[in-house]
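Residue numbers (my numbering), protein chains in the order written: chain A, 1 to 75; chain B, 76 to 150; chain C, 151 to 225; chain D, 226 to 300; chain E, 301 to 375; chain F, 376 to 450; chain G, 451 to 525.
Note that these hints are calculated values from the structure, not bench results. Some clues are possibly wrong.
[Claimed, not checked] Dumping the calculated BS3-like pairs for lysine-lysine here, alpha-carbon to alpha-carbon at most 30 Å:
id, chain 1, residue 1, chain 2, residue 2
1, D, K280, E, K330
2, E, K330, E, K349
3, G, K506, F, K405
4, E, K330, D, K247
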Amino acid sequence: MSETTLAILASSIGSQILVRLKGGRELRGKLKSYDQHLNIVLEDAEELKQNGEPKKHGLILIRGDSIVLISPVSK
Amino acid sequence: MSETTLAILASSIGSQILVRLKGGRELRGKLKSYDQHLNIVLEDAEELKQNGEPKKHGLILIRGDSIVLISPVSK
Amino acid sequence: MSETTLAILASSIGSQILVRLKGGRELRGKLKSYDQHLNIVLEDAEELKQNGEPKKHGLILIRGDSIVLISPVSK
Amino acid sequence: MSETTLAILASSIGSQILVRLKGGRELRGKLKSYDQHLNIVLEDAEELKQNGEPKKHGLILIRGDSIVLISPVSK
Amino acid sequence: MSETTLAILASSIGSQILVRLKGGRELRGKLKSYDQHLNIVLEDAEELKQNGEPKKHGLILIRGDSIVLISPVSK
Amino acid sequence: MSETTLAILASSIGSQILVRLKGGRELRGKLKSYDQHLNIVLEDAEELKQNGEPKKHGLILIRGDSIVLISPVSK
Amino acid sequence: MSETTLAILASSIGSQILVRLKGGRELRGKLKSYDQHLNIVLEDAEELKQNGEPKKHGLILIRGDSIVLISPVSK
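Construct all of the structure, not just a fragment, from the sequences and the given hints.
The structure is reproduced here in structure tokens:
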């Protein structure tokens, strides 16, 4: 039996997730909220860089349309 | 429990936000209004440049479809 | 409280606006009309060129889907 | 007060218009019909070339989704 | 007065048409059917090549979403 | 009179078809099912390569949105 | 007679599938859930690399809009 695909997000509220955008950039942060369009709000978000330190963003709203995949960060 | 994703915008009206467009350009300005398509109106907007001074736009309407992410600018 | 995002267009009818298209081209002209898809009609429109004189178009209908941002031209 | 954006097409039926496509190609012809998706039918259409003679197409149906802008050709 | 844009297709059933795809490829064949999404079925279709012989496809269904323009082939 | 465009698929169930994807890749296989979004399921599918042997996939579900054209493989 | 296209997913719940994304990247994992937008949740997912070891993701939600094709991995 199939669970709903968004259950993975419901159970990740307050936890670290990784979000990959079209074009390949990746953001990581604590999932604060999401909606059915897969718009995502992250707290304490940071953008991962190929080389060097991640760039800190704080609070961030990502348009679902820009997202390729989302993955909970295992602790 | 999940808040609505647009709450981050509701609470940023009148404050500085950063908007990143598809292709990588970034604009910064005071959030004047938004709608459910994520169309955004900024006041005193400026476009950030890789090198040199930001370009001033004043009032600006950005199509939601062009937006990758939005972040309140921390003071 | 949030105004509607299209109010910026309603108050620009008859005034000069700048329209940036996907890909980076920019057009400038007097806003004659618009609709909820952000289709835009400009009068006395001209297309700005990196080098040299703008290209004159006269009346022009721009598909909303091609538009990245719109800004009233300050006088 | 705002006219409808498609009025520019209604008043161009039977007249020469210029249509610019995504990617930059341009077609010119006599506007025969259009619909609310901005699908356009041109008669005696020709495709403008950077160098040399335009390519003649005769009757042509252009998908609205491929169109960036439309401009009546001034006489 | 504006005819419907699809009338050009209705009157081309059984006749040769040219279909240009996004990216620039062109197909030619006898129009067998179409629908309101501009999905197109061609018989005896062939794909035109920059150099050399066209590639024969026989029957072919083209997704409307991939189509830029359609033109009846004049005899 | 126009047939429906999907009739070409209905009559190809159980037969070999060729599917061309956006970007130019081509897959070939036995059509098992399709839907109104032009999502396609192929059995004994293989991906055609410019050079060398086709890559075997077995059963495969192709998103309609990725498809440019579909053609029955003539025997 | 045509089965529904999503039946291939229904019968793959709990089994290994391969997912190819726009741009060509491929992920492999155990199908946990899917929905009618073709959003896909994989468990024990890994991203296949041209050279070297696959990158492990664990649980992953892939937006249907980013997917080109899905194929059950034959055992």
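Each hint tested on the structure:
Straight-line distance between C-alpha atoms of K280 (chain D) and K330 (chain E) comes to about 22 Å, which keeps the hinted pair within the 30 Å bound. A hinted pair counts as satisfied when its Cα atoms are at most 30 Å apart, and K330 (chain E) with K349 (chain E) qualifies at roughly 18 Å. A threshold of 30 Å between alpha carbons decides the hint, and for K506 (chain G) with K405 (chain F) the separation of about 33 Å lies outside it, so the pair is violated. For a cut-off of 30 Å, the pair hint linking K330 (chain E) to K247 (chain D) stands: about 27 Å separates their Cα positions.
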